[in-house]
Amino acid sequence: MKRTIAAAAALTATLIVTAACGSKSENTPTTSASGPVDGKGKTVKVWLMVDAQTAWKGVVDDASKRFTAATGAQVNVEYQQWANHLTKLDATLAGSDVPDVVELGNTEFPKYVFSGAFGAINPADYENSGTWLQGLKGACDFEGKTYCVPYYAGARVLIYRTDLFKKAGISAPPKTYDEFLADADKLQAAQKNAKFGAVYMPGQYWYAAMSWVKSTGGDIAKQEGEKWVGQLSQPASVQGLQRWVDMVKKYSHADVTKNENEQAGIFAQGQAGMFYGNGWEQGSAEQIRKDPNDPNSPLVDTKVKGKLAAAPMPEVPSFLGGSNLGVTEKSANKQLAAQWIKYFTDSTAMAGLIKASALPNSTALLDKAATENPAIAPAALAAKSSWFTPNAEKWADVEKGNVLQTMLTDVLTGKKSVADGAKWADEQLNTTLNES
Amino acid sequence: MSVVDTPTRPPRGSAPHRPEHAARPRRRRDRTPWLLAAPTLLLLAALLGYPMVKMVELSFQNMRLRELISGRAPAWVGLDNYTRVLSDSVFWSVVLRTVAFTAVSVIVSVLFGLGIALLMRRVARGVRLLMMVAMMFVWALPQLVAAQIFRWITDSDFGVINYLIDKLPGVDYQNHSWFVSPAQGWLVITTLVVWAGIPFLAITLNAGLTQVPKELIEAATVDGASAWQVLRSITLPMLKPLIVIVTTLSVIWNFGLFVQNWVLRDSHPEPAFQTLATYSYTQAFGQSRYSLGAAISVITVLLMLGVMAFYIRQMFKIGEVD
Amino acid sequence: MARSRVDDGVLTVGRSRVGTAFANTGGVLFSIVMLFPVYWILNTAFKPANEVLALTPTFLPKDPTFANFTSAFKAPLFLADMVNGLIVTLLAVAGSLVVGFLAALAIARFRFYGRKAIILVVLAVQLVPFVSLLIPLFLMLQSVSLTNSLVGVSITYLVLILPYTVWTLRGFISAIPRELDEAALIDGCSRPQVFWRIILPLTGPGLVATSVYGFIQAWNEFIIINTLNSPDKQNLMAWLLQNQTTRGTAWGPLMAGAIITSIPVVIFFLIIQRNIATGLTAGAVKG
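Protein chains in written order, with the numbering used here: chain A, 1 to 436; chain B, 1 to 322; chain C, 1 to 287.
Hints are supplied without guarantee of correctness; some may be wrong.
Said to hold, decoys possible - Covered by chain B, per the in silico footprint, the following chain C stretches (three or more residues, Cβ under 8 Å):
1. 51 to 62
2. 251 to 265
Stated by the list, open to error - With the C-beta cut set under 7 Å, the calculated list includes, among others, these residues of chain B facing chain A:
3. 65
4. 88
5. 160
6. 163
7. 177
8. 184
9. 232
10. 236
11. 267
12. 268
As the list claims (entries may be wrong) - Simulated pairs of lysine-lysine, DSS-like, Cα-Cα distance not exceeding 27 Å:
13. 233/C <-> 303/A
14. 167/B <-> 62/C
15. 62/C <-> 57/A
Keep in mind the hints are simulated off the structure, nothing from the lab. Where is the CB? At the ideal position from N, CA and C, for every residue including glycine.
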């Protein structure tokens with residue numbers, strides 16, 4: 001009963017407060033992050049993902065320093081691994097000693113927001129909240145309140161080999177999808193090596209595949225009434241999926257069971273002409289640290305150093321990846337937590353993130369990002385017209401259940417046809433998204 | 001004749017050797033074993049018993065993330081979870097796969113282990129030492145590490161195995177992906193498990209072989225028995241109890257396969273690579289279906305009870321327990 | 001305790017020289033194949049990342065570096081993780097030996113009502129997949145404030161290895177002839193003295209053998225400690241896993257870390273290797 005009402009309220013997305021017993025919005029006050037807070041003797045426990053530690057620890061430290069100066073409270077940051085952070089979170093949230101601030105991927109938030117893990121915050125307290133990227137903010141909305149703060153985003157672009165383009169007689173990156181295919185053909189024709197692939201596209205890269213689905217007007221799932229209905233077997237989605245499969249089969253020699261985590265390092269070996277990745281992956285492909293764990297370790301050039309450029313992928317909208325920050329409902333220091341998030345997402349922090357090649361959390365800052373860090377200009381452009389996964393409570397379960405990855409591998413290995421694979425995926429989506 | 005290590009026990013019913021003072025404080029002595037066993041029992045009850053009871057209780061409820069966080073009591077759903085699990089064809093395919101893997105990997109492991117143990121009895125002292133050292137290093141590797149190194153050497157882009165096989169004339173193994181086909185993927189997983197399991201098996205069986213009286217074998221050989229006949233009629237029968245023990249242990253360990261397929265598939269095993277342990281884990285933690293995961297665990301234990309019954313019977317038969 | 005004339009020598013009666021030569025070759029080949037992955041770990045650990053991620057693997061590092069190892073030591077929580085791991089492992093092993101020895105004594109030396117039940121429990125409990133008990137265990141430990149503590153994890157590990165310890169020690173104690181007990185009792189020893197002075201020393205090899213198993217289990221465990229404790233109270237396995245991120249896996253440091261985490265176990269092994277084999281088979285072979 002409670003959940004049906006919750007889902008309906010989320011659907012209407014208005015400020016109607018439901019009168020259902022135990023409805024969340026009635027009981028949860030909004031945590032304010034404005035006004036002086038005395039944090040002397042208190043410590044705010046923050047869970048950030050390991051990316052912050054490797055790529056922009058300076059931003060974290062700086063924000064914490066400013067926070068401590070303003071409130072007197074100490075900050076204890078713990079960096080979590082992507083592989084098991086949700087399991088840890090589940091176990092921790094069940095108990096009483098919870099972290100105050102938690103970072104989660106934007107696709108992971110709805111599940112926890114719907115389950116009451118996070119407390120409501122007041123967007124007006126945070127800089128640029130009026131222009132927060134919808135792909136990040138959408139995950140925070142529930143029954144008219146906001147339960148997390150957008151942190152950073154990533155958008156995907158086409159990264160290509162300028163030298164190979166020149167060799168194949170291509171003067172500029174493709175502006176239409178047909179041009180993209182034509183360029184791929186030219187690249188393959190110009191290379192005698194049979195191992196060469198015009199595109200590096202690993203088989204379980206579902207963000208890419210779903211972007212292709214979106215490019216033909218398709219969708220993953222839609223909410224009809226109170227139910228979520230999988231849309232992958234709709235003709236528009238199947239068309240997009242088929243496009244992607246055809247492209248992979250013709251131009252990619254990538255492992256169909258791998259995902260995109262290692263693609264920069266593999267592309268750097270020089271056996272492909274283009275790949276589809278986040279803006280910062282261009283840098284990762286061109287240079288590699290001798291010791292990946294040491295941010296001060298010397299950088300070594302790879303085979304493709306100086307030979308890469310990025311451009312928006314024509315006609316294919318990018319998935320807006322990224323993370324948000326939430327104040328846990330059980331936190332004993334909610335106001336302090338909200339304040340820390342304020343310092344970590346203000347313009348100073350955003351400037352630091354931009355320098356580290358991450359995209360800021362607001363559309364207003366995207367142009368600034370493009371000018372300050374030209375390397376991420378294509379990504380900033382791509383972020384403006386990006387898409388996001390269904391805002392369903394159980395979406396995180398779909399990701400954890402590897403539904404899309406399994407479908408893609410099955411289709412690419414010929415185990416299922418595109419239509420059958422899409423049908424199977426829809427069945428899984430319908431079961432998982434609608435489970436109570 | 002050599003004296004072999006056996007648990008010597010006073011023959012039952014032979015009265016005279018029993019010291020007399022044992023008869024009287026019988027009632028007082030009855031409490032001592034309980035006192036001695038108490039710490040163990042308390043610890044097991046607290047840290048295993050209680051969670052197990054909770055787990056069974058959980059399997060009859062419907063616990064999802066919301067209940068976990070809020071601490072609200074989850075609803076009772078009776079046997080719903082069990083019906084759901086037992087009528088799910090995916091579950092049965094996982095069971096089948098786990099059983100098949102266990103059977104194959106245990107048979108291969110034990111045969112290899114036995115073979116290596118016999119080999120160790122045959123080689124020169126120096127070579128035997130080399131083999132022991134090699135196995136020692138492999139045995140010392142944590143499971144996680146062993147799985148990671150196998151993941152690395154079978155990597156489709158940078159793995160050395162592909163590189164070496166590619167060197168064979170007429171074979172194109174560059175970028176070969178080992179986990180596209182379930183058969184090949186399980187070949188890798190089974191090789192890892194067998195490789196990691198040989199040290200325990202070989203060293204244990206080797207020690208058992210050293211306890212087979214040399215004189216028996218020498219006498220038989222002098223009488224004209226071939227090596228194979230010696231093996232079949234003398235060595236193996238004497239080794240049988242030990243073989244049963246290590247086989248049963250291997251079955252128990254391999255049935256609960258988790259780390260290897262988990263790591264080799266980078267923490268998200270495809271359906272074809274799920275075993276009961278990973279399936280339960282992904283249901284419970286991946287999908288936050290804690291109750292369903294609990295039901296799967298209970299069913300796994302019940303499935304194992306059959307093996308356990310066999311193990312205990314063997315223990316009784318060997319005379320270790322009476 | 002009577003020992004067989006365990007001969008380390010090879011049976012030479014009826015064995016041909018050629019056969020031995022074949023066997024020796026086989027043994028060497030076996031060792032090479034077994035050690036290949038270990039060699040590859042070492043090989044990768046000394047390579048910088050740009051050499052690790054190369055399409056043509058090198059069999060000896062072209063540009064050998066200690067960087068992967070030093071970065072391990074420089075990693076923020078490495079030393080803490082190592083110390084934590086050692087503490088937790090030693091506590092668990094020591095604890096399980098003490099508690100397990102007492103229980104094994106009870107089962108092996110006494111006949112009492114409920115003995116078979118205890119044996120059944122000890123055996124059955126080894127079948128339960130520990131991972132499935134994670135959440136109830138976590139909640140229970142949290143209610144007594146034992147989460148996020150090394151003590152809590154030590155106790156959990158202790159219980160994890162306890163059944164095996166009890167069972168194995170039971171086997172050892174059974175192998176000690178009761179005549180020794182009785183002789184000592186007649187000589188005036190009290191029961192506790194018999195346990196302490198006679199049985200305990202003779203169970204030495206058994207204690208050693210079980211401690212190996214316990215050490216390996218506790219040292220290599222990562223799921224439980226990962227769930228129960230925060231990052232600053234992890235062991236080395238958790239530290240190892242940090243090398244895997246969504247930006248790819250840092251193979252060099254991972255392999256270096258693998259070596260570092262394996263060293264204590266290897267050392268432990270080398271110290272007690274003589275006793276392993278005896279420990280594992282005492283009484284198992286019928287003579």
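request  = Could you check the structure against the hints above and give me the numbers of any it violates, in ascending order?
outcome  = 4, 5, 6, 8, 9, 10, 13 and 15
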